[in-house]
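Protein chains in written order, with our numbering: chain A, 10 to 105; chain B, 524 to 996.
Hints are computed from structural coordinates only; laboratory data are not their basis. Positions of the beta carbon are idealized from the N, C-alpha and C atoms, including for glycine. Wrong hints could be hidden among the right ones.
What the hints assert, rightly or not - Here are some chain B residues pointing at chain A (derived, C-beta under 10 Å):
| id | residue |
| --- | --- |
| 1 | 621 |
| 2 | 846 |
| 3 | 892 |
| 4 | 898 |
| 5 | 900 |
| 6 | 903 |
| 7 | 941 |
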Amino acid sequence: MDITPDQVRHVARLARLAMDEDSVARMTRELAAIVGYVEQLQAVDTDGVEPLANVSGLEHVLRDDQPGPLLDHAAVLANAPLANEVAFLVPKAVER
Amino acid sequence: MSPAAHLPGVRQIAAQVNAGACPVAIVEAALQRAEADQLNAVIRVYRDSALATAAEVAQRVATGASLPLAGVPVLLKDNICYQGHPVEACSRILTGFVAPYHATVVERLLAAGAVIIGAANMDSFAMGSSNETSCHGPVRNPHDPNRVPGGSSGGSAAAVAAGIVPLALGSDTGGSIRQPAAFCGTLGCKPTYGRVSRYGLLAFGSSLDQIGPLCRDAADAALALAVISGHDPLDSTSSPLPAVAAAPTARALAGLRIGMLELPDEGLDPAISATLTRARQALEAAGASLVPVRLPHDRHAVACYYIIATGEAASNLSRYDGIHYGHRCQDPADLEEVYARSRAEGFGAEVQRRIMLGTYVLSAGYLDAYYLKAQRVRRLLVQDYATAFAACDVILGPTTPTPAFALGEKIDDPLQMYLNDIFTIGANLAGVPALSLPAGHTDKGLPIGLHLQGPHGQDEALLGIAAAVAAVL
Numbered sequence: 010m011d012i013t014p015d016q017v018r019h020v021a022r023l024a025r026l027a028m029d030e031d032s033v034a035r036m037t038r039e040l041a042a043i044v045g046y047v048e049q050l051q052a053v054d055t056d057g058v059e060p061l062a063n064v065s066g067l068e069h070v071l072r073d074d075q076p077g078p079l080l081d082h083a084a085v086l087a088n089a090p091l092a093n094e095v096a097f098l099v100p101k102a103v104e105r
Numbered sequence: 524m525s526p527a528a529h530l531p532g533v534r535q536i537a538a539q540v541n542a543g544a545c546p547v548a549i550v551e552a553a554l555q556r557a558e559a560d561q562l563n564a565v566i567r568v569y570r571d572s573a574l575a576t577a578a579e580v581a582q583r584v585a586t587g588a589s590l591p592l593a594g595v596p597v598l599l600k601d602n603i604c605y606q607g608h609p610v611e612a613c614s615r616i617l618t619g620f621v622a623p624y625h626a627t628v629v630e631r632l633l634a635a636g637a638v639i640i641g642a643a644n645m646d647s648f649a650m651g652s653s654n655e656t657s658c659h660g661p662v663r664n665p666h667d668p669n670r671v672p673g674g675s676s677g678g679s680a681a682a683v684a685a686g687i688v689p690l691a692l693g694s695d696t697g698g699s700i701r702q703p704a705a706f707c708g709t710l711g712c713k714p715t716y717g718r719v720s721r722y723g724l725l726a727f728g729s730s731l732d733q734i735g736p737l738c739r740d741a742a743d744a745a746l747a748l749a750v751i752s753g754h755d756p757l758d759s760t761s762s763p764l765p766a767v768a769a770a771p772t773a774r775a776l777a778g779l780r781i782g783m784l785e786l787p788d789e790g791l792d793p794a795i796s797a798t799l800t801r802a803r804q805a806l807e808a809a810g811a812s813l814v815p816v817r818l819p820h821d822r823h824a825v826a827c828y829y830i831i832a833t834g835e836a837a838s839n840l841s842r843y844d845g846i847h848y849g850h851r852c853q854d855p856a857d858l859e860e861v862y863a864r865s866r867a868e869g870f871g872a873e874v875q876r877r878i879m880l881g882t883y884v885l886s887a888g889y890l891d892a893y894y895l896k897a898q899r900v901r902r903l904l905v906q907d908y909a910t911a912f913a914a915c916d917v918i919l920g921p922t923t924p925t926p927a928f929a930l931g932e933k934i935d936d937p938l939q940m941y942l943n944d945i946f947t948i949g950a951n952l953a954g955v956p957a958l959s960l961p962a963g964h965t966d967k968g969l970p971i972g973l974h975l976q977g978p979h980g981q982d983e984a985l986l987g988i989a990a991a992v993a994a995v996l
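This is chain A alone, in the form it adopts within the complex (with noise of 0.2 Å):
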């Protein structure tokens, strides 16, 4: 399977990383070499064996719908870049 620039810059996108064409043409090679490795799953018959998600056997674990105790919502504002007393703050995002 060969990797793509294009298909790094819309990976990148996917995952919002900012990445200047030196670290696409970087990570185009890395990504290549680690993906030509995990190819090797593809030889594994894998038919009629469904796909196992987690290990720990448990089944849709849900709690009692009561409320617990609550972060301090000052304590978690204080780890905000910019907040005011009660919200955390973001670029304008809607025109009106």
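Model the placement of chain B on the given structure of chain A, informed by the hints.
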């Protein structure tokens, strides 16, 4: 001999403090060792809170409490939340983040009388096998400063091996406790998946991650695991099994069925091969029977892992958005730029590589071919383990193909770095407990680790076997 051998271990310290020894003095000595660390194993020392905790422990013992980890100095890998203290996963994207709550393991350590003295260096977001992807720079191996300590829990392993602390917590997604334990000459245990709560662990690969102890021997590991294991309603993947017993299940070697995997023809260091051969002979002489076992799909484990782990990581790390916490780029033009530039500036090269791979294998058109295919192969590997454990009580092999490699040796070749985890990844994919046991040294004095894997949920038995194996090595 490791410098750690001269210092008391977890059991001795807890016994001394419960008998009246002063935990403040013990913690002060550990703080001084951490502050004098020349290995870059300790990235933050919590002097004030540690001394305050030690004084509280003294008070609790004085008023009659007997605490399983009384006065035991502990380091936390920098991906475990300790309320009021920074937790950064050794990544610039989390610079300055202060944990707003305790991880469940931290709650339990503190309740048990342990004293957290600081944070241990690690590969950024636990992605690496050499501790070289840390934003704080690499840790040096205590046995040779020009070699890596392994990773990703490299600081935890080096600190225990150097005698800074008798116990450190690490996390293991594909070998990140066991491989550095082998490289540094400590015991490192990855419990059964779900046995230890991950609430408050910065997530990497959620179907694989486990927290576990790095310490001197199996009895110390059992004592630590007894404290941190057990069901936690705050982690929906938490196992309903009870906490691990505080003492390993005593196990005679006579009659024990030890599974032997066929090893690769090349790539295994001769000193490690010789150590394994000697161990087999010693175990057989002690009455154990050696049983050939096969894990036919294990040769695909690394490929399977790098699809599943990176897919999960790409999803888990989408929360680092430059908005809720951590690094944010300067003067973004719009919201999209906040995300894309903050992440590009904050994540290191290896983390970005894995986010890219994970996003690729989850993307439209490739999900079936890669991610779901890997999940199917994972099921086959789980079945391989079940078949193997029908024939044996434990699987014995090497933890790593080579002893600690040189700093810089593999950092420019991601695939070679990934292949270092070839023997440890299977246990994560299958969810079984596994540990690395110190088993001697190469002629250059580099530690060698033996890898023991046990059946699902049988952590106590595995620790008991490890203690019995260690006694004849």
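Unmet hints by their number, sorted upward, for this structure
none
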